[in-house]
Amino acid sequence: SLRGAALALSPATVDARLRNATLVAYSVFAARAPHMGSRERLQPYVDQLRQQLRAMERELLAARQHALRTASLHAGAARLRDEAAVLADRVAELLEQQKSARQLRLQELLG
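At position 24 of the sequence shown the residue is numbered 24 (this note's numbering), and the sequence of numbers has no breaks.
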């Protein structure tokens with residue numbers, strides 16, 4: 001799934017891709033800016049773009065960290081469910097052994 005694929009990326013890969021995307025967006029804007037007017041007039045827009053790209057990068061990193069924490073919690077819950085199932089099976093086995101031992105003891109006492 002796409003969600004699983006996103007989790008499969010290492011933090012370094014995600015960081016590199018975010019930096020590259022940010023640089024590409026900024027470079028494209030900067031390359032086209034001279035055709036749109038003077039640098040001084042466009043500087044506020046360049047600054048705003050840079051701020052928005054940084055904010056988006058922070059949001060994406062926070063979302064990735066949240067996804068990693070959520071995946072870790074789900075994995076932990078799955079391990080706990082598996083352990084609980086093993087323990088339940090063991091308890092059932094012990095109860096059956098106890099029942100058999102009681103029946104044998106009762107037969108010894110009666111017979």
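Among the clues, some could well be false.
[Stated by the list, open to error] Label-pair distances were calculated between CB atoms; the ranges are:
hint, residue 1, residue 2, range
1, 84, 105, 56 to 66 Å
2, 89, 50, 35 to 45 Å
3, 55, 95, 29 to 39 Å
4, 28, 60, 15 to 25 Å
5, 81, 60, 50 to 60 Å
6, 11, 50, 14 to 24 Å
7, 72, 29, 29 to 39 Å
8, 69, 108, 51 to 61 Å
9, 66, 104, 49 to 59 Å
10, 85, 62, 27 to 37 Å
Don't read these hints as lab results, they were simulated from the structure.
C-beta atoms are modelled at their ideal positions from N, C-alpha and C, and glycine is treated no differently.
Hint check:
1. The beta-carbon spacing between residue 84 and residue 105, approximately 31 Å, falls outside the hinted interval of 56 to 66 Å.
2. Taking 35 to 45 Å as the suggested C-beta distance range, the pair residue 89 and residue 50 does not conform, at roughly 59 Å.
3. Restraint check, residue 55 to residue 95: a C-beta distance of roughly 59 Å breaks the suggested window 29 to 39 Å.
4. Look at residue 28 against residue 60: about 19 Å separates their beta carbons, and that is inside 15 to 25 Å.
5. Between residue 81 and residue 60, the C-beta spacing of about 31 Å breaks the proposed range 50 to 60 Å.
6. Separated by about 23 Å at the C-beta atoms, residue 11 and residue 50 satisfy the suggested range of 14 to 24 Å.
7. In this structure the supplied range 29 to 39 Å holds for residue 72 paired with residue 29, their Cβ-Cβ distance being about 38 Å.
8. The hinted window of 51 to 61 Å between residue 69 and residue 108 holds, with their beta carbons roughly 58 Å apart.
9. Roughly 57 Å separates the CB atoms of residue 66 and residue 104, a value that falls within the hinted 49 to 59 Å.
10. With their beta carbons about 35 Å apart, residue 85 and residue 62 fall inside the hinted range of 27 to 37 Å.
Hint compliance for this structure: hints 1, 2, 3, 5 are broken, all remaining hints hold.
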